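Asker: Quick note, the sequences are listed as chains B and Z, same order. Under the working numbering, residue 135 is the last one in the first sequence; the count climbs by one each step, no gaps. Under the working numbering, residue 154 is the last one in the second sequence; the count climbs by one each step, no gaps.
All the pointers check out, no bait thrown in.
Here are the computed lysine-lysine pairs in the PhoX-like style, where the Cα-Cα straight-line distance is at most 25 Å:
(1) Lys121/Z - Lys130/B
(2) Lys33/B - Lys50/B
(3) Lys27/Z - Lys53/Z
(4) Lys43/B - Lys33/B
(5) Lys63/Z - Lys71/B
(6) Lys2/B - Lys43/B
Some chain B residues well away from chain Z (every beta-carbon gap over 10 Å; in silico):
(7) Gln5
(8) Asp35
(9) Lys50
(10) Leu105
No wet-lab data here; the hints were simulated from the structure. All values derive from a computational prediction rather than experimental measurement. The beta carbon of each residue, even a glycine, is placed where N, CA and C say it ideally should be.
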Amino acid sequence: MKLQQSTLLGLYAVLELAKADGEQLSAAAISDKFDVSINHLAKVLRILVKAGLLQAARGAGGGYRFSGNTKRTTLMDVIELFEPVSIEGFENYGQPHQTDVEAGLAVALVEISEMMQATLRSITLRTMLKIMERG
Amino acid sequence: MNNSQPSKSDLAIHIRRAKETDLPAIKTFDERSNKDANPRYWQEMFTRYGDDKTKQLFLVCEKDTEIVGFIIGEIRDWEFGSHPCGWIFALGVRPDIRLGGIATSLYTAMCDFFRKAGVQKVRTMLARQDIDTHSFFRSQGMMAGPYIQLEKDL
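Let the sequences and hints guide you as you build the complete structure.
Answerer: Structure follows, in structure tokens:
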């Protein structure tokens, strides 16, 4: 699994804003902190607003604030806004005409995929904030 | 994802050791009891973990005189080459009052019991699809440990 740049930016932005505890942050402040393109970040922020995780305030002094529920939103919820969670090169599992080699590999890869998904679905943003606090 | 904020239950709760008379209430909200559990399961659990044992603990949570949660744990020595550690292997809260701090209170009481017994590690094992319980233990700071569970059909 390799997360796309948009997904990583989505995670950075959501966690940074959730950590701000209702305080508004500008896109520029977030892009500066993570040293990322503000144009790319703006597209990501729009997706997060549409999903109800962020609220945008327009105008001078505008910015974004977290509006989701940190206890109910998981890493998987954020990642799935940007990409499906799967093991790269393994998207065709279960297709007919698999060879014995492909079917054998599929057994191992399904196990890895299920562990990965269970982990991502179990870690809420609130838990992430606690992990960040611990350092 | 569910963005609605859960209502905080009014926590006037009391955590205590389980009594045999608590079992019927526990059965009503323990998810395993509603499926294909052995009807004697809870009686056997109480026999094994109830009363005043030194390495086993079966706690319940009372709220307004009603049983609303339970937790069962045990100290196991040197299993799999591990130093003695506390195992939590059953935890349940009545579904209508979840997210109100009951499970956290039960978990904290169980960890206190383990600490007082000189144990420095707490472990649990749960079904991969049990996202709510998995999420709860993660929220308490639990992470994947150094062991992997394996199994095979016989």
